[in-house]
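A.B. asks: Heads up: the protein sequence lines correspond to chains P and W, in order. Residue numbering for the first sequence is 1 to 532, as defined by this note's numbering. Residue numbering for the second sequence is 1 to 315, as defined by this note's numbering.
These are computed hints drawn from the structure, not numbers from a lab. For every residue, glycine included, the Cβ atom is placed at its ideal position computed from N, Cα and C.
Covered, in the sense of this in silico footprint (three residues per stretch, anywhere, with C-beta under 8 Å from a C-beta of chain P), are these stretches of chain W: (1) 17 to 23; (2) 31 to 41; (3) 58 to 69; (4) 83 to 89; (5) 171 to 185.
Not close to chain W: a few residues of chain P, all C-beta gaps over 12 Å, as computed: (6) R47; (7) W184; (8) G484.
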Amino acid sequence: MRPSYLTDGFSLRSWLLTTDHKRIAILYLGSITLFFFIGGVAAALLRYNLISSRGLLGSAEIYNKLFSMHGVVMVWFFLVPAVPVTLGNFLIPLMLGARDLAFPRLNLLSWYLFMIGGITVLYAMIIGGVDTGWTFYTPLTTLYSNGHVVLAVVAIFISGFSSIATGLNFIVSIHKLRAPGMSWHRMPVFLWSLYATSVIMVLATPVLAMTLLLLAFERIFHIGVFDPSVGGDPLLFQHLFWFYSHPAVYIMILPGFGVVSEIIPAFSSKELFGYKFVVWASIAIAVISFLVWGHHMFVAGESLYSALVFSLLSYAVAVPSAIKVFNWVGTMHNGYIRFDAPMLYAIGFVGLFTMGGLTGLFVAALAADVHLTQTYFVVAHFHYVMVGGMVSAYFAGLHFWWPKITGKMYPEMWGRAAAIIIFAGFNLTFFPQFILGYLGMPRRYASYPVEYEPLNLLSSAGAAVLAVGYLLPLGYLIWSLMYGKDAPANPWHATGLEWKTPSPPPTENFPATPVVTEPPYQYPLKEAVSHE
Amino acid sequence: MIPQATKDSVEVDYLIGALVLASVAILALVYGLILLYMFRYHAGSKAERGRPSRKSWRFEIAWTAATMAAFFGLFLWGADLYVRLFQAPANALQIYVVGKQWIWKVEHPGGQKEINALHLPIGRPIQLVMTSQDVIHDFSVPAFRIKRDVLPGRYETIWFEAQRPGSYHLFCTQLCGAGHATMTGEVVAMSAPDFEKWLSQGPAPTGARESMAAEGQVLFMRLGCSGCHGAKGEGSGGAVKAPALVGLYGSQVKLSTGAVVKSDDRYLRDSILQPDKEIVAGYEPIMPSFSGQVDEEQLMRLIAYLKSLKAKEKP
Ligand code: HEM
Ligand SMILES: [Cu+2]
Chain P
1 MRPSYLTDGF SLRSWLLTTD HKRIAILYLG SITLFFFIGG VAAALLRYNL
51 ISSRGLLGSA EIYNKLFSMH GVVMVWFFLV PAVPVTLGNF LIPLMLGARD
101 LAFPRLNLLS WYLFMIGGIT VLYAMIIGGV DTGWTFYTPL TTLYSNGHVV
151 LAVVAIFISG FSSIATGLNF IVSIHKLRAP GMSWHRMPVF LWSLYATSVI
201 MVLATPVLAM TLLLLAFERI FHIGVFDPSV GGDPLLFQHL FWFYSHPAVY
251 IMILPGFGVV SEIIPAFSSK ELFGYKFVVW ASIAIAVISF LVWGHHMFVA
301 GESLYSALVF SLLSYAVAVP SAIKVFNWVG TMHNGYIRFD APMLYAIGFV
351 GLFTMGGLTG LFVAALAADV HLTQTYFVVA HFHYVMVGGM VSAYFAGLHF
401 WWPKITGKMY PEMWGRAAAI IIFAGFNLTF FPQFILGYLG MPRRYASYPV
451 EYEPLNLLSS AGAAVLAVGY LLPLGYLIWS LMYGKDAPAN PWHATGLEWK
501 TPSPPPTENF PATPVVTEPP YQYPLKEAVS HE
Chain W
1 MIPQATKDSV EVDYLIGALV LASVAILALV YGLILLYMFR YHAGSKAERG
51 RPSRKSWRFE IAWTAATMAA FFGLFLWGAD LYVRLFQAPA NALQIYVVGK
101 QWIWKVEHPG GQKEINALHL PIGRPIQLVM TSQDVIHDFS VPAFRIKRDV
151 LPGRYETIWF EAQRPGSYHL FCTQLCGAGH ATMTGEVVAM SAPDFEKWLS
201 QGPAPTGARE SMAAEGQVLF MRLGCSGCHG AKGEGSGGAV KAPALVGLYG
251 SQVKLSTGAV VKSDDRYLRD SILQPDKEIV AGYEPIMPSF SGQVDEEQLM
301 RLIAYLKSLK AKEKP
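Okay, chain P solo, but in the shape it has when bound (with noise of 0.2 Å):
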């Protein structure tokens, strides 16, 4: 047998010079899991100080630049990339029968350029962090901030080259290398997913880019874009910025989609209930997210007819959302459902992502949002979504395709054990402050009236549950490693090309290139296959 892709080669300079996508996303799994663990630190240390009313880090600075750091790390350098660089580089050749992905030296060139963005943000942080909140609403960032603001842009700016790269990649991949027999009906709804992403991220993301560019200009050369003492407008950065950050809303949710819509089928050994419905409910989103961006503005001074407009329109785009999440109950009915550690993260993606679309209609529907926007009722939606969801769905990815990236089975109970931690602690953490938000505690606030506190304790105390959660796969998994059993081809008798070659996959993916003959999630109607 060919060596593994792990096995090929051991020196340093074969990681980092490799064009093997599976390598490719390893390295990009391994600084992934370093953003996400120092955005994490910086959380804690939020839900700390919001233990007293009285803020307990003692400084209103101090805690305006940890929110601003976690933030930033955690949209641009944690939830936009995960998915798709981590288990979307790994799996997208993979499941197409390819040997790679169509630009393997660009690939590579992306994971640098995020790297320097990335290191870029945290040297931004070092010396001083900056205090604008993630958001870097003008003119407080252009005339008022004291601090790294232009560094930061620039590191942001960087890693969105890394994006459009990723995005391009991939598309051109899904179109040109699948195997021979693989219709675009034929193709899994992950790798859907992650075309549907990796549209958003190639028309979005130079938006993004030039709003950042002319934020940067504004501060160092004050041109007066934004400045409305020289003519300039302050809505207009919001409305530059929303167009890209809400599709980007998108990138983070689409590829989880993807993901659950896998394990789902895998698990109950079952079809995926409506396949075409899930697929063009992806592209769907897609299109729609372009037009709701005005949402985040119904108390900012947009007028009144826009509003309407783009309460509309948020409403349309839940609607493929709210089809997503029927397919997925559906496929578990009459279906044959184990229990595995993704299965429970997959279920637990649904139960929280729910929870968070449906408080997305509160804040579609104007008078509502008018009460609940800019108070803790949205750091709760949006953490049930982005986090309850998206991480859940990057954790349920990550189990499901441990053995096969690793080679390794991960052990099973503290899997489920994790999956149920997560799901307790989340909730613990997070539905208290959808309370809070109604009683009108506003967000970013460094101390507060004493009368929110006992939701405030609870809500750090189920911070606190979290983070064990959090950090009991990276000790599993870690050991995994060392200790765990080797893994089969197929360890979840489940369909897709990706299990039909060995785990870890050989560097060229497949001894020969394989041919598709049937729709993906053709499951056996049979009798439980029992996993052992």
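Following the hints, position chain W with the ligands against chain P.
C.D. replies: Below, chain W with the ligands alone, put in the same frame as chain P:
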């Protein structure tokens, strides 16, 4: 619990309540089905599965349509209320608010000034005319269910009608720098007689209090506006041809471009700071900009003065 201190706050709560009910129903359905299936169809169970149906489009269309109908209903509800919250009644009492890192400055038409506090009468529509001196702030009173960004360089307004006396939190909810969390205050709603009493003994931080309009008139003279617009704003004060300002507020102004704009706070503000932007039909663009010479509070007083030049003074 959070008080419902205005008429509309009750309606906002109904809307939120309806959203909660709808969410709980859908959550019960989704979580209920998941739990049911987990229990019934776990791998070892002997449950009768039948043949899985492959024709799912009927279901798909049915639940897509149902979802769309429900969403549309919610949209209409939220939008209708928002439109009403957007449009102030004509008789609203106007109070001026200026945000600044990190305080709220309030000025009543009578010239009473307060900092980080807003006193107001119940049972009467109040409209706040707000602007910022530096960054974007946001004026938020949870007990009233209102919130609106306060931007530099323009006026934003909100209105509400408080219904019960009491003291409520005032927050700034737009990140505005290091002191953001301390940019708070209280809104004190009082019965009409109490409010009158408060007005007559209320705070007057800078010596003798004059009404905003009166202070505005002094500025009007001092800045030299009267040189062109006439001492009482009646127009053509001297050699220069300038429009009369009497009865201007609230009227429709014809511009040199042919467009017609409503003369409101925004229009007056822009005419003072950027006089070249909208030229009144029949006049030369010769008015100098007063940008940099008047601060936000002085501007508001000037505008209060212009507002006081009611049409009744017209010959
Ligand atoms: C233990 C888990 C976490 C806790 C306790 C936590 C806590 C917080 C807190 C207290 C804030 C500040 C809210 C405000 O004042 O507006 C915040 C903001 C935020 N969090 Fe988290 N967080 C956690 C995990 C995450 C994760 C995993 C992500 C992303 C993967 C994330 C993304 C964000 C973002 C994007 C913001 C907005 C930052 C901003 O307002 O500028 N959080 N989080
Ligand atoms: Cu403020």
